[in-house]
Each structure stands twice: as C-alpha cells, then as structure tokens.
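So the chains spell out like this:
There are 2 protein chains.
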Amino acid sequence: MNLLENIRIVLVEPMHGGNIGSVCRAMNNNGITDLAIVAPRPETDWDDARKLSCQAHAQLEARKEYASLAEAVAGCTLVAGTSARTGFYRDTALTPREFAPIALESASTHKVALVFGREDKGLYNEELALCSHILQIPSSELYTSLNLSHAAYVCGYELFCAADVFHPSEEKADEASSALRERMFDMWREMMVQTEFVHDQKLDHMMMGLRRIFNRGKLTIPDCKILMGLAKQSVWVANQWRKAQSND
Amino acid sequence: MNLLENIRIVLVEPMHGGNIGSVCRAMNNNGITDLAIVAPRPETDWDDARKLSCQAHAQLEARKEYASLAEAVAGCTLVAGTSARTGFYRDTALTPREFAPIALESASTHKVALVFGREDKGLYNEELALCSHILQIPSSELYTSLNLSHAAYVCGYELFCAADVFHPSEEKADEASSALRERMFDMWREMMVQTEFVHDQKLDHMMMGLRRIFNRGKLTIPDCKILMGLAKQSVWVANQWRKAQSND
Numbered sequence: 102m103n104l105l106e107n108i109r110i111v112l113v114e115p116m117h118g119g120n121i122g123s124v125c126r127a128m129n130n131n132g133i134t135d136l137a138i139v140a141p142r143p144e145t146d147w148d149d150a151r152k153l154s155c156q157a158h159a160q161l162e163a164r165k166e167y168a169s170l171a172e173a174v175a176g177c178t179l180v181a182g183t184s185a186r187t188g189f190y191r192d193t194a195l196t197p198r199e200f201a202p203i204a205l206e207s208a209s210t211h212k213v214a215l216v217f218g219r220e221d222k223g224l225y226n227e228e229l230a231l232c233s234h235i236l237q238i239p240s241s242e243l244y245t246s247l248n249l250s251h252a253a254y255v256c257g258y259e260l261f262c263a264a265d266v267f268h269p270s271e272e273k274a275d276e277a278s279s280a281l282r283e284r285m286f287d288m289w290r291e292m293m294v295q296t297e298f299v300h301d302q303k304l305d306h307m308m309m310g311l312r313r314i315f316n317r318g319k320l321t322i323p324d325c326k327i328l329m330g331l332a333k334q335s336v337w338v339a340n341q342w343r344k345a346q347s348n349d
Numbered sequence: 102m103n104l105l106e107n108i109r110i111v112l113v114e115p116m117h118g119g120n121i122g123s124v125c126r127a128m129n130n131n132g133i134t135d136l137a138i139v140a141p142r143p144e145t146d147w148d149d150a151r152k153l154s155c156q157a158h159a160q161l162e163a164r165k166e167y168a169s170l171a172e173a174v175a176g177c178t179l180v181a182g183t184s185a186r187t188g189f190y191r192d193t194a195l196t197p198r199e200f201a202p203i204a205l206e207s208a209s210t211h212k213v214a215l216v217f218g219r220e221d222k223g224l225y226n227e228e229l230a231l232c233s234h235i236l237q238i239p240s241s242e243l244y245t246s247l248n249l250s251h252a253a254y255v256c257g258y259e260l261f262c263a264a265d266v267f268h269p270s271e272e273k274a275d276e277a278s279s280a281l282r283e284r285m286f287d288m289w290r291e292m293m294v295q296t297e298f299v300h301d302q303k304l305d306h307m308m309m310g311l312r313r314i315f316n317r318g319k320l321t322i323p324d325c326k327i328l329m330g331l332a333k334q335s336v337w338v339a340n341q342w343r344k345a346q347s348n349d
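Chains as they are written, first to last, in the working numbering: chain D, 102 to 349; chain F, 102 to 349.
Calculated from the structure, these hints are not laboratory results.
Treat the hints loosely; a few may be bogus.
Identical chains blur together in the list; that is why a pair holds if it fits in one copy or across any two.
Listed next, the in silico DSBU-like pairs over lysine-lysine satisfying Cα-Cα at most 30 Å (straight line) [unchecked claim]: (1) K222 / K303; (2) K344 / K212; (3) K326 / K222; (4) K222 / K152; (5) K344 / K319; (6) K303 / K212; (7) K319 / K333.
Being a predicted model, the structure only gives us computed values, none of them experimental.
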C-alpha cells in the first residue's frame, strides 16, 4: 500500500488562501492527498488558494473542514504538531527527519496527522497538548519562523523521501572496464606524442594528471568512445600534417 | 568559518516578486545570505517581494543583479542547477541531500551557487550546461513541478542540516572557477571543430558529453591548464596541417 495515503495535513485557522493553495501544491509534490482545515476563516480568499494550488485542485476541493483540532485528528493514531518556539513541552521535539520513520510505521495501518498552526501565532498550548509528537524544523537561530507552506512542504518532503517512493535516476550507460579505459589512455598518450604536446620526459607526469582527472568520476563505455574518437582524430590530423610537410 | 556564507542562491529571470521575497525568507531560515538575480524583469513587484521576505529585508536589498547566468556564477567553483525534467544530461542528477556534503566541502574555501530557473520554464539547456551539477528534488512522479520558493527552501534546508554535522577535509589543489572551466570548454569546442572531429550538428551533443565527463569530479586549476594546453596544441597542429595543405 501507499503509506503516504494515510498522511493527513491539518491546517489550524490559516489566514491566507494563498498559503492553503501552496500547501496543496506541496502535498501534491510529495504524493500526499488528505487535507483538513480547522475553523476556516470566512474571509479566506479561495480564488487565491485555487490559483496557488496549481494542479492540486483535487486536494483543495476534497478538503475536510472541522470546528476543532480534536475533531480533525480524532481518527489518527499519531498527531505531530509543528512549533518554532521552545519551552512548554517542546523540549522533547523531534525533527521531521527523525519523525518520518515513526510516522510511516504507523501509517501502514492508521492515519497520521501533521498539524500546522496559524501564520502569526502558531499552535496554542492546548492544541499542542493534543499532539502525540512535537516537530521542530531545523532552522537558523536568527530566524526560526517559517512560511506555512514551507513548513508543510518540508514535513511532507521528509515523509516522501523516507517512504522511498522516489528512485533517483542513475547513470544508465554501462561503466567502462579497466581494459577499455587503458585503451583510451594509450590513445591519449599517442595523441600527446603525435601532436607534440609534451616531450618524452614529461609524458608520464602528464598521463598521471589525465588519469587523475578522468578517474574522479566513473567513466562509461560511451564516454571512453568519445575520448578515444577525439584522440584518434587528433593523431590523424597530426599525421596529415607531417605528410604534408614531407611533401614540401 | 560559517560555510553557509559561501552559498549563493541564483534566481534566473524570476516572474513573481512574491516568490523572490519567499526565497529570501527561506534563505534567512537556513542561514544563507547571498542572493543573485539574473536578468530581473522590469515589471517585478518589489513591494510584494519585501512583504513576503518578512524579516529578510537585508538579503533582498543586498541582492546582486547580473545580465547573464555566466556572470552570476563566474566566481563560483560548484554550480548546481535544479531541474524537474528528465532527459538531456539530467540522468546524472543528484538529490539536494546527496549534493549537500559536496557543496559544503567546496564552500569551506570557495563560493558555491544553487541555481533556480523561471517559474514556468525552468532553466534552459544552455544554462544547465553552465552547471557542474544537476539537482533533482525528490517528488511524486504525478507532479514534479515545485513552487520556486519551495525548491530554494529545500535546497537551503538540506545544506543547513548538513552544515550542522559537516567537517571539511584538508585542502589540496585549488578548484577551478566556472569562468576558467568555461574557457577550457571553449577551447575544447574549438579543438573539435579544427580537428574536424565532429560536424556542426553533433557539436553541442558532443560538448554535453564532455561536460558530463569533466564535471563528475571537481576540476582543479592545474587540471584545467592541462586540458587547455592539450586543446591549444591540437588546434595548432590542425592549423599547421591546413597551411601545409594550401602550400601543396
């Protein structure tokens, strides 16, 4: 099953429709679909919300609305509240990265809530009291107050990364064998000689420099072929040059 | 020293002032101060930028403006471009988490750039070509397009988290700047033309292959000098050859 389907994002009394929309977009980026809003404000600019949600209209329209936080999280096992401040019982806070495996463990069987407070005042102490976990997002001591959608985004992102839904792309081409690399280096040595780039005494030194450059990352078979083609062509040009000279 | 001081956030032709402001706030949350904007749009809503930057007015006001990406990153060693799309040479992309220790290693002595494209079109291929690294932010396959400030935030966040535990290793040879690398690539392009290694249509493709090879590991100043010397010599040989032919 998709663990992320059991993650619920809960916004408590959000002030700006634009932020609600940005949170929906962030949920969409991280494969999260369940949005709950506690005590939505009558003046909320829903047009702004739709605009900023980009292609996450579905999440926005499917949102559930509740009168209180207690109702919004009633069906959840874990309830993680975010807080920038210290004090209260925030000194037991986890980072979102620390919380992610705990959340996913629970999400295999139950709903897990991530709760975000008002843009200006965050979550009140009685709301934090409803939370089984307090999350503190790592940030500079000089400015700990995150934009609401940034906070929701990064918590979703940590869950998404942990859920291992993402498979980073890797170099697809086959790695070159030592034998192929050595053939390539031989051709480069030949190029340096034929183009009279270096004299005999400095040749080995120069080859070590080139080996160091090319061996820092892994070379693929196509890479070696490019490099061999280039060397071959320079050798050919050098030979043409010599022939032309001897014809003079 | 504070490694994060050597991180430069580069926004290329951002469309919305609000996003620029949100990026500043995100930088502030992650202890990053250096902002560069490439080709700022005359219609930019700077009031909106100021409003959304919250307490990051200083970062916003201290921004540097450049006409081109090449100028904005000329003094940087590593240049990491973000891209949501696949294809081109994006198949070698790193996640921001994978890139963080690489960036901090370099940031102990040099400037490192994180580059973000336009909200609608991202970075163009010729801009990605200037990047030593391509970053792909883990996201749901169903919707990979991140809000600009979310993308900048999460890259800054990964650096901030990594900086907490990172200890740079001892220094060796000096790393090459973007400007020096680009001079080297220009000379290699010239070599490929002069030695008739590739035809015009395949030249860009071949250059991308070479960029990929050389950017896998970091290039030092002596490395670049070797590579430039080699190219210069091949061009010289090719010219001698042509001269000799015309004398026939």
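To see whether the hints hold, each was checked on the structure:
For the homomeric pair K222 and K303, the shortest alpha-carbon distance inside one copy (25 Å) is at most 30 Å, but the shortest distance between copies (48 Å) is not. In this assembly of identical chains, the alpha carbons of K344 and K212 never lie at most 30 Å apart, being 44 Å within a copy and 49 Å across copies at closest. Taking CA atoms no more than 30 Å apart as the test, K326 paired with K222 passes in neither setting, with 35 Å inside one copy and 33 Å between copies. Taking identical chains as interchangeable, the C-alpha atoms of K222 and K152 lie at most 30 Å apart whether they share a chain (25 Å) or sit on different chains (18 Å).
Taking the shortest Cα distances, K344 and K319 never come within 30 Å of each other, neither inside one copy (38 Å) nor across copies (39 Å). Proximity of K303 to K212 under the C-alpha cut-off of 30 Å is found in neither arrangement, the shortest distances being 33 Å within a copy and 34 Å between copies. With identical chains, the CA atoms of K319 and K333 are at most 30 Å apart both within one copy (22 Å) and between copies (26 Å).
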